[in-house]
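Trainee: Residues per chain, in single letters:
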Amino acid sequence: MSRLPVKKTYKLFLGGEFPRSESGRTYEAQGQNVARASRKDVRDAVRAARGAVDKWSGMTAYNRGQVLYRIAEMMEARAEEFADLSSGRAEVEEAIDRWVWYAGWADKYTQVLGSSNPVAAPYFNFTVPEPTGVVGVLAPEQPALGGIVARLAPVIVGGNTAVVLASESEPLASIELAEAIATADVPGGVVNILTGHHSELAPWLAGHMDVNALDVGGADGELPELERLAAENVKRVVHGRTDRQSPYEIANFLELKTVWHPIGV
Amino acid sequence: MAKAPALPAGFELPLEPRLPRIGSVDEVAVEERAATLARRSIKREAKLFALDLAVRMMDLTTLEGQDTPGKIAALTSKAIRPDPSDATIPSVAAVCVYPNLVPTAVEKVKGSSVKVASVATAFPSGQSPTHIKVAEVRDVVEMGADEVDMVIDRGAFLSGRYAKVYDEICQVKEAAGEAHLKVILEVGELGTYDNVRRASLLAMAAGADFIKTSTGKLPQAATLPVTLVMLEAIRDVHQETGRKVGMKPAGGIRQAKQAVQYLVQLYETLGTEWLTPDLYRLGASTLLNDVLMQIRKEKTGRYQSPDYFTID
Amino acid sequence: MTDLERRQDRSPVPSGWDYAPAPEARDIVTLQERYGLFIGGELVDPKSGEYFPTLDPSTEEPLAEVAQAGKEDVDLAVRAARDAFENGWSDVSPPERAKYLFRIARILQERSREFAVLESLNGGKPIKESRDVDVPLSAAHFFYYAGWADKLEYAFPNRRPKPVGVAGQIIPWNFPLLMLSWKIAPALAAGNTVVLKPAETTPLSALLFADVLRQAELPPGVVNIVTGDGRAGAELVKHEGVDKIAFTGSTEVGKAIQRELAGTGKKLTLELGGKAANIIFDDAALDQAVEGIVNGIYFNQGHVCCAGSRLLVQESIYEPVIEKLKQRLTTLRLGDPLDKNTDVGAINSREQLEKIKELVASGEAEGAEIYQPPCRLPEKGYWFVPTVFTNVAQSYRIAQEEIFGPVLSVLTFRTPDEAVEKANNTPYGLSAGVWTEKGSRILSMAQKLKAGVIWANTYNRFDPTSPFGGYKESGFGREGGLHGLEPYLDFDESDARGG
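Chains as they are written, first to last, in the working numbering: chain A, 1 to 265; chain B, 1001 to 1312; chain C, 2001 to 2499.
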């Protein structure tokens, strides 16, 4: 007699926990019922993300790097499941290695992006990059796993927190990723992943006054409207790339602060 | 501006050359030093010594709007005989109560070594006119309190009216008479370690017998670093003037392990002389049972359960 | 003087409360009776056939026998490194190289207690230091440099960095595992292979590290470890198959190495001795400054190249500083390195102890005033009581020569300019400390002090991201940070800097 498998229930990832949508709705994707987030879930996710900024950006860069590396460790352990939910092993290995690549930047990008500036007056002057805060991310539809990882890693390695709208047509890999993140010592609220309809959710995220930056790399069609909404609180709008990795992908979500101090006895 | 009254015996004017320099405190360094001291590993006989001392130094406290004579009776009973099943456990140093409960407390501790400390001066806020506060002190002393725990006027301190703060402490000291005076700085409202040091030196100059961290009414109460800053100020005053002022961390000390850490810090900063309830108190309520549990664990080798220790 | 004496009487002497012994369990470490050399991924017997004992300096008890690598052994090790470099390691892609280093970092973290105990056992330093500083920093160095392995083009844009080849690395006994990680991590990240010669008296943590490499599955020959005394190091320096030498140790030996390599075209970095000035201004946060002085010279028993061994006190604050310093010294706990409450451990070797004694005697002979807190020394082992010399003149040997022990020399100054002048008046230039609450003064002093590392309102702070190295006779080249990669790389365009 064959055994009946216990099927997973796919919920949202919000504030470090897995709640259902407050609207109680689901939609069908990849043969599963997946939570269909509402604007109130977006609101709650942004609140959770904002609440996590101080703690995440207050950790040492070394610590953050270790957390990202642990995400890779957790993903490696689930590589088989991830392969089933994406295009296969190759995509999964690339995604894991991408976490490792960005983990290694945590305590280095400051040295590449920052500077001490030789001003023409007796002042010590230095420029440091700082996280911008809460970042809204529209994950690309494809690749199911590689896309969200390519956009999420550069956002959070810099100390930002994220609210991600997962791929609408292939969301399961994103929730699997959420499970890996939830077991990787990532503080709750740093990463929030909402599944649902982009056309319904994206405008709410783009117009939210407490979101500091918006990664529209995964948007299509509605882009001009989203950029207009983003202008209301002067969001940094980033056209994130999934086909490359670079410290400048990190820099897109950082503010530069310059400090002056006199030099004298 | 108020005029400072004559200084108590032992202080000669001018103060300035006899007082330690106010100076500053480096936050990162002091927190690190406190953390290093907290990692000392105190075991077996050394731990029992500390735990016994912690009991003898405790000011068992209840400061609630709902305190009644019945509550005080239970508190004092516990204070005198913390562990009925173990006669070697000493009494605590004092009970700390609101003014209205002083008469009951005084009656209940009669015949024991336990002192009665009363809060006063519009505790916890201190936001009342000086004459009211001074009158309150006179009242509690008349009712039999051995010790007075006053609060400084933080509003005056934070707006730079140091003379007013100083003057008030002097008046309270005078009103306290023979009762010994603890001055609560309310470190949680002072904002910086620099301010804690400043307030400590000010309080000691004004005649405090003890300086105390907190009212216990705010979430930010005693911490190891802030207590270390105050101990260093006490050390400087002792060095410059010879006078020994006591220390009382209060609030937030719930575990025996923390109590031991406070005592290690005390010992390594001020030495053996301060290891006495005459110069150091721990302001606490739930701490006592945890200390008793730890003492029994050291004696029996078994981890304990709260079920075996009386609440009152 | 009477005033000070009066105050000294009031200084608390901790006799009222004896902390019970709190020893860290030693059984987490399993020692072999005898260790070979780690060459080509295996522990092999030395061709020299020579072994010597390595001790626990706190008891003089022999812990194990280790091999003395002879000329042939060093040759085998260099060949193994060359072979690994040319046939394998160079073909490992940078991201994969990174992952080996991440593995090493993670394993060190997992085995941290084992390494901490071994380090204290073989070296004499307090367990709280090896546990809280040495081992965590070692893991952090590997973690940091792992991340650079596949990002070199961002560290050196337009320079097309390539590994130099085989690096010969010679490290000292004061931070055995940490110095190992400072050397191996950047070398491997840059794509090189390595032959490491640990210090004569502290080989054990390096030999245990070989086991970490086995667990990390690092390809054989990428790292080779040859133990022995100075002769093994000399063989390594002379070997033609080595492309680059990195040395941390005394200035005397550093100069000898530099002479040896003259005309060979081999790259060289040196991290040598120091006689750092720790400068306290009258507006310093006093109690924290005193803590910083104590940390500056008594941390690791003063066996630190960047130790704050000269205290420069502003004259206006002299008395309170000395008073607090002497009082603080009485609360330092000297004893069993494995006791968690020990602050000051054993001197690393009899040889070093003799050197310290000689210099201290010279201090007294030249006229300085000595202070040592009351302290009971254990019967066996190598010990020296933390010591302060006051009334020291700039010309005394104890103000000029590196003692490398728990001995502080105190001098005074009146103005910032005078402090700078005195601080810089030395052939060394490794580090300096500045204590003042005034920000502009910190920056001004930092600008004028001729030292590679300047600590303001702190001391002995290390981080893998922060470059470390000296001016003048304290050596050249930097370890740590982006800059720490440079000595291990060749660049396609010509590089004007020597070494």
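Note that these hints are calculated values from the structure, not bench results. Warning: the hint list may mix true and false statements.
The calculated lysine-lysine pairs, modelled on BS3-like cross-linking and capped at a C-alpha distance of 27 Å, are [unchecked claim]:
| hint | chain 1 | residue 1 | chain 2 | residue 2 |
| --- | --- | --- | --- | --- |
| 1 | A | LYS8 | A | LYS55 |
| 2 | B | LYS1244 | B | LYS1297 |
| 3 | B | LYS1257 | C | LYS2340 |
| 4 | C | LYS2047 | C | LYS2099 |
| 5 | B | LYS1297 | C | LYS2255 |
| 6 | C | LYS2355 | C | LYS2266 |
| 7 | C | LYS2422 | C | LYS2355 |
| 8 | C | LYS2355 | B | LYS1299 |
| 9 | C | LYS2422 | A | LYS257 |
| 10 | C | LYS2472 | C | LYS2422 |
| 11 | A | LYS11 | A | LYS40 |
| 12 | C | LYS2380 | B | LYS1043 |
| 13 | C | LYS2380 | C | LYS2255 |
| 14 | C | LYS2238 | C | LYS2266 |
| 15 | C | LYS2266 | C | LYS2472 |
| 16 | C | LYS2238 | C | LYS2438 |
| 17 | C | LYS2047 | C | LYS2162 |
| 18 | C | LYS2380 | C | LYS2422 |
| 19 | B | LYS1047 | C | LYS2355 |
| 20 | C | LYS2422 | C | LYS2438 |
| 21 | B | LYS1244 | C | LYS2326 |
| 22 | C | LYS2047 | C | LYS2071 |
| 23 | C | LYS2326 | C | LYS2340 |
| 24 | C | LYS2422 | B | LYS1043 |
Okay, the calculated beta carbon distance ranges per label pair [what the hints assert, rightly or not]:
| hint | chain 1 | residue 1 | chain 2 | residue 2 | range |
| --- | --- | --- | --- | --- | --- |
| 25 | C | ALA2020 | B | LYS1071 | 54 to 62 Å |
| 26 | C | LYS2162 | B | GLN1220 | 29 to 37 Å |
| 27 | B | TYR1162 | A | GLY58 | 48 to 56 Å |
| 28 | A | ASN117 | B | SER1159 | 38 to 46 Å |
| 29 | A | PRO5 | B | GLN1220 | 51 to 59 Å |
| 30 | C | GLY2263 | A | GLU130 | 20 to 28 Å |
| 31 | C | ARG2160 | A | GLY58 | 50 to 58 Å |
From a predicted model like this one, the values you see are computed outputs, not experimental measurements. Using N, Cα and C, we set each Cβ at its ideal position, and we do this for glycine too.
Trainee: Taking the hints in turn, state whether each one holds.
Mentor: A quick look at each hint next to the structure:
1. A:LYS8 / A:LYS55: 31 Å, violated
2. B:LYS1244 / B:LYS1297: Violated, at about 35 Å.
3. B:LYS1257 / C:LYS2340: At roughly 16 Å apart (the allowed maximum being 27 Å), LYS2340 of chain C and LYS1257 of chain B satisfy the hint.
4. C:LYS2047 / C:LYS2099: Violated, at roughly 34 Å.
5. B:LYS1297 / C:LYS2255: 60 Å, violated
6. C:LYS2355 / C:LYS2266: Not OK: LYS2355 of chain C and LYS2266 of chain C at ~33 Å, beyond 27 Å, violated.
7. C:LYS2422 / C:LYS2355: 25 Å, holds
8. C:LYS2355 / B:LYS1299: 48 Å, violated
9. C:LYS2422 / A:LYS257: 37 Å, violated
10. C:LYS2472 / C:LYS2422: 16 Å, holds
11. A:LYS11 / A:LYS40: Holds. LYS11 of chain A to LYS40 of chain A sits at ~15 Å (cutoff 27 Å).
12. C:LYS2380 / B:LYS1043: 25 Å, holds
13. C:LYS2380 / C:LYS2255: 35 Å, violated
14. C:LYS2238 / C:LYS2266: 10 Å, holds
15. C:LYS2266 / C:LYS2472: 20 Å, holds
16. C:LYS2238 / C:LYS2438: Violated: LYS2238 of chain C and LYS2438 of chain C sit about 50 Å apart, past 27 Å.
17. C:LYS2047 / C:LYS2162: Violated - the C-alpha atoms of LYS2162 of chain C and LYS2047 of chain C are around 34 Å apart, more than 27 Å.
18. C:LYS2380 / C:LYS2422: 39 Å, violated
19. B:LYS1047 / C:LYS2355: Cα-Cα ~40 Å, so violated.
20. C:LYS2422 / C:LYS2438: 20 Å, holds
21. B:LYS1244 / C:LYS2326: 20 Å, holds
22. C:LYS2047 / C:LYS2071: 9 Å, holds
23. C:LYS2326 / C:LYS2340: This hinted pair holds, its Cα atoms lying about 23 Å apart.
24. C:LYS2422 / B:LYS1043: 47 Å, violated
25. C:ALA2020 / B:LYS1071: 54 to 62 Å: 39 Å, violated
26. C:LYS2162 / B:GLN1220: 29 to 37 Å: 56 Å, violated
27. B:TYR1162 / A:GLY58: 48 to 56 Å: 34 Å, violated
28. A:ASN117 / B:SER1159: 38 to 46 Å: Since the Cβ atoms of ASN117 of chain A and SER1159 of chain B sit about 39 Å apart, the hinted range of 38 to 46 Å holds.
29. A:PRO5 / B:GLN1220: 51 to 59 Å: With Cβ atoms ~52 Å apart, the hint holds.
30. C:GLY2263 / A:GLU130: 20 to 28 Å: Since the Cβ atoms of GLY2263 of chain C and GLU130 of chain A sit about 50 Å apart, the hinted range of 20 to 28 Å is violated.
31. C:ARG2160 / A:GLY58: 50 to 58 Å: At 38 Å between Cβs, range violated.
The structure fails hints 1, 2, 4, 5, 6, 8, 9, 13, 16, 17, 18, 19, 24, 25, 26, 27, 30, 31 (numbered hints given earlier, in ascending order).
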